[in-house]
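Generate the whole structure from the sequences, applying the supplied hints.
Chains as they are written, first to last, in my numbering: chain A, 1 to 310; chain B, 1 to 366.
Calculated directly from the structure, the hints in this document are not laboratory data. All C-beta atoms, glycine included, are put in the ideal place defined by N, C-alpha and C. Careful: at least some of the hints might be erroneous.
Here are the in silico distance ranges between beta carbons for each label pair [stated by the list, open to error]:
#	chain 1	residue 1	chain 2	residue 2	range
1	A	64	B	123	55 to 63 angstroms
2	A	308	B	248	12 to 20 angstroms
3	B	289	A	153	36 to 44 angstroms
One side of the interface only, derived from the structure: several residues of chain B facing chain A at Cβ under 8 angstroms [claimed, not checked]:
#	residue
4	154
5	167
6	168
7	300
8	339
9	342
Far from chain B by the CB rule (all over 10 angstroms, computed), these chain A residues [claimed, not checked]:
#	residue
10	9
11	125
12	135
13	147
14	150
15	188
16	221
Here is what each chain is made of, one letter per residue.
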Amino acid sequence: MLDILTLGFLATLLGAAWRLATPLIFASIGEVISERAGVLNIGLEGTMLMGAFCGFAASFATGSIPLGLAAGIAAGMAFGLIFAFFTITVKANQIVVGAAINLLGLGLTAFLFRTYYVSTGRGVDIARPVRIPWLSDLPFFGEALFRQNLIVYSTVLVTVLAVILLYRSSFGLTLRAVGDHPKAVDVAGRSVAAYRYGAVLIGTGLAGLGGAFLTLGHSNQFVEGITSGRGFIALAVVVFARWSPVGAFFVSLLFGLFYALQLQLQAQPMLNIPYQAFQALPYLMTIVALIVVGGKSAAPRKLGTPYDER
Amino acid sequence: MTMTQIERDGRGAAAVPILRLVGRAVARAAVAVALPAAAVAIALACGAVLLALNGFDGADVVNVMILGVFQDFRSVTEILLKAVPLILIGAGLCVAFRCNMWNIGAEGQLYAGAVSATLIGISFEGLSPWLYVPAVLVAGALGGAIWGGIAGFLKVRFQASEIVTTIMLNYIALIGTSWLVTGPMRDARAAYPQSARLFREAWVPDLIAGTRLHIGILVAVALALVLYVFLYRSSAGYAVRVVGINPHAARYAGMNAGRNMMAAMCISGGMAGLAGAFEVAGVTHRLYQNISPGYGFEGIAVALLAGNNPLGAILSGGLFAVLRSGSELMQITSQVPQVLVSIIQGIVILSVVAFAAIRIWPRRRS
Chain A
1 MLDILTLGFL ATLLGAAWRL ATPLIFASIG EVISERAGVL NIGLEGTMLM GAFCGFAASF
61 ATGSIPLGLA AGIAAGMAFG LIFAFFTITV KANQIVVGAA INLLGLGLTA FLFRTYYVST
121 GRGVDIARPV RIPWLSDLPF FGEALFRQNL IVYSTVLVTV LAVILLYRSS FGLTLRAVGD
181 HPKAVDVAGR SVAAYRYGAV LIGTGLAGLG GAFLTLGHSN QFVEGITSGR GFIALAVVVF
241 ARWSPVGAFF VSLLFGLFYA LQLQLQAQPM LNIPYQAFQA LPYLMTIVAL IVVGGKSAAP
301 RKLGTPYDER
Chain B
1 MTMTQIERDG RGAAAVPILR LVGRAVARAA VAVALPAAAV AIALACGAVL LALNGFDGAD
61 VVNVMILGVF QDFRSVTEIL LKAVPLILIG AGLCVAFRCN MWNIGAEGQL YAGAVSATLI
121 GISFEGLSPW LYVPAVLVAG ALGGAIWGGI AGFLKVRFQA SEIVTTIMLN YIALIGTSWL
181 VTGPMRDARA AYPQSARLFR EAWVPDLIAG TRLHIGILVA VALALVLYVF LYRSSAGYAV
241 RVVGINPHAA RYAGMNAGRN MMAAMCISGG MAGLAGAFEV AGVTHRLYQN ISPGYGFEGI
301 AVALLAGNNP LGAILSGGLF AVLRSGSELM QITSQVPQVL VSIIQGIVIL SVVAFAAIRI
361 WPRRRS
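Shown next, in the form of C-alpha cells:
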C-alpha cells in the first residue's frame with residue numbers, strides 16, 4: 001500500500017532530510033563564506049572527499065570519532081591551503097585550480113583507500129543518536145527529528161556562528177568588503193590576500209567536516225567517490241541561497257528532502273517508476289533552482305576574480 | 001620601446017630582420033612545448049614520490065608508465081585509440097574555454113552522443129556503410145551539441161552558471177544512460193545491462209587491420225586542425241575569443257555575446273558527443289552504463305595543458321593517452337591503483353598554472 005501521506009512518514013522523511021542535508025549544510029555554509037570573500041571554490045567535491053577519507057582513516061586508527069572529525073577538517077584545510085596558494089598568491093584561474101583539486105582529491109583518496117583499506121573490509125563506529133530532553137518527546141516529530149547524532153545537531157550551531165561571523169563581527173564586515181570592493185579594503189590598509197586565505201580555510205575546513213560526516217556520522221565506511229556530487233550541489237545551494245548562511249541551511253534541507261524522497265520512493269514497489277528517475281531528482285532540481293533564482297544580482301561583485309594590487 | 005612591445009603592437013615589425021623573427025618564432029614554440037613538458041615532468045616526479053612513499057617502486061613511473069606502453073606496435077595502436085576521445089574532447093573544450101564558458105560537462109555530453117549514436121546504430125539494418133557510419137557519427141555529435149547547448153541556453157537566457165548546470169547534466173546523462181541500458185534499450189538476451197549490438201554497417205572502419213584502432217584518430221586530428229583554423233583564422237572564431245575576453249566590448253563591437261556562447265557550448269558538446277559516438281561505433285559496438293572511464297574530465301586537463309589551443313590538444317591528448325595506458329599497465333604489472341593517473345593530471349594542471357604565472361610576473365613588474 002502507499003503509505004506516503006501519513007504523519008509518521010512525513011516525520012521520518014524530515015528526520016532523514018536533516019541527516020542527508022548535513023554534509024551539504026557544512027559545505028555550502030563554508031562556500032558562502034569563501035564566496036563572500038570573492039573566491040569561488042569548485043574544488044569542494046575533492047575537498048569533501050579528502051575530509052571523508054582522512055576522517056575515516058583517523059578514526060580507523062584511533063577509534064575516536066572526535067579525532068576523526070578533526071582529521072577531516074584538517075584535511076579539508078590542507079587542500080584549502082593548496083587552493084588558496086594557487087588562486088590567491090599565484091592568482092591563477094579559480095575554476096582551473098578547483099578542477100585540479102577535484103582530480104587530486106578523487107585520485108588521492110581512491111589511491112590510498114585501495115592501497116591500505118579496501119582489503120580490510122572493516123568499518124568504523126559512527127556517532128550515536130542523542131536524545132534531546134523535551135524535544136525528543138514531542139509526538140510524531142520528536143522521535144523522527146530529534147534522534148540524531150551530535151554532528152547533525154551541530155549544523156544549527158554552525159549556521160548561527162556563520163551568521164555572527166559574517167554580519168556581527170568586524171572580520172565579517174571586512175570579509176564581505178573583500179568580495180565586493182577589494183580595492184577599498186586594500187586602500188584602508190588591510191590585506192585582501194589574508195582575508196581571502198582566511199575565508200578559503202574556513203570554507204574548506206567546513207567542507208572537510210561535511211565529508212567526514214559521511215564516513216563518521218552516516219555510513220561507517222569510506223567508498224570511492226562517496227560524496228557523489230555533494231560538493232557540486234553545495235555550489236548550487238549557495239547560488240539558490242543567495243549567498244546567505246541561513247538560506248544555505250534551509251536550501252540544503254530542501255535538497256536533503258530530495259535525497260530522502262528519492263530513498264523513500266525507491267522503497268515503494270507499488271510506484272511503477274524507474275529508480276533512476278528518483279536518482280536524477282536532486283540534480284534536476286538543482287538546474288530548476290538555478291533557473292528560478294537566475295541572475296547573479298546577489299553574487300559578490302568580484303566573485304571569481306583574483307585581486308591585483310596594481 | 002622593448003622588442004616585445006614592438007612585436008605586440010605590430011608597428012616596426014618590418015624593420016626587424018626576418019632571421020630574428022624566425023628565431024623568435026622558434027623560441028616561442030620551444031617555450032610553448034618546454035613549459036608543458038616541464039609540468040608533466042614535475043607531475044611524474046610527484047607520482048614517483050607518492051609511489052615510493054606507499055611501498056611501490058617509484059621508478060615504475062618512467063619504466064612502466066611512459067616506456068612500458070611502447071613495447072610493440074599493438075600497444076601503440078591502443079594508445080592512439082585512447083587518444084581519439086581525448087583529442088576530440090580536449091580540442092572542443094579549447095573553444096569553450098577561449099569563450100570563457102567553463103564547460104565541465106564533456107562527460108555528460110559524451111554520454112549524450114553515445115546514446116544518440118546507439119539509437120541510430122541499432123535502428124536501420126542494411127543501410128550502406130557509406131551512409132550509415134557518417135549518420136551515426138553526426139547523430140553522436142548532434143546529441144552532444146544539444147546536451148552542451150542546454151547549458152549554453154540556460155546561461156544565456158537565465159544567467160544560470162554553466163559550471164553548475166554542466167556538472168548536473170553530467171549526472172543526469174549518466175543516470176539516463178543507466179536507465180536506458182537497464183530498461184528500454186536493454187538487450188534482453190544479455191546478462192549484463194547493455195544495448196543491442198550496432199549493425200555491422202554502422203561500425204567505424206578499422207584504420208589498421210588486426211588492431212582495434214579505427215579511423216577516428218584521423219578524424220580527431222583533422223577536426224583539431226579545423227578548430228584551430230576556426231579559432232585563429234576565421235572571423236567567427238575571433239568573435240568567440242573576443243566574447244571570452246570581454247563580453248561587453250564584444251557587444252559594443254556588434255558581436256552577439258549570447259550567440260557566441262551558445263556556439264562555444266554546442267561546438268565543445270558536439271566534439272564530446274562525437275567522441276561518444278566513436279566509442280560505441282568504433283570500439284565497444286554496444287552502449288554500456290560506464291562507456292567512458294572519465295574521458296570528459298580528462299579532456300579538461302588536455303585543453304588546459306594545450307594552453308586552450310586545439311593544435312596543442314593533439315599533443316596533450318596523445319600524452320594523456322600514454323599516461324592512461326601506462327597507469328593501466330601499472331595496475332596489471334605492479335598492482336598500483338590505476339587512479340594514480342588522476343593525481344598526475346591534477347598536478348599537471350597546477351604546474352601549468354604556476355608556470356603561466358611565472359611567465360606573467362616579469363611583465364607585471366615593468
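Exercise. Just pull the numbers of the violated hints for me, sorted ascending.
Key: When the structure is compared with the hints, none of them turns out to be violated.
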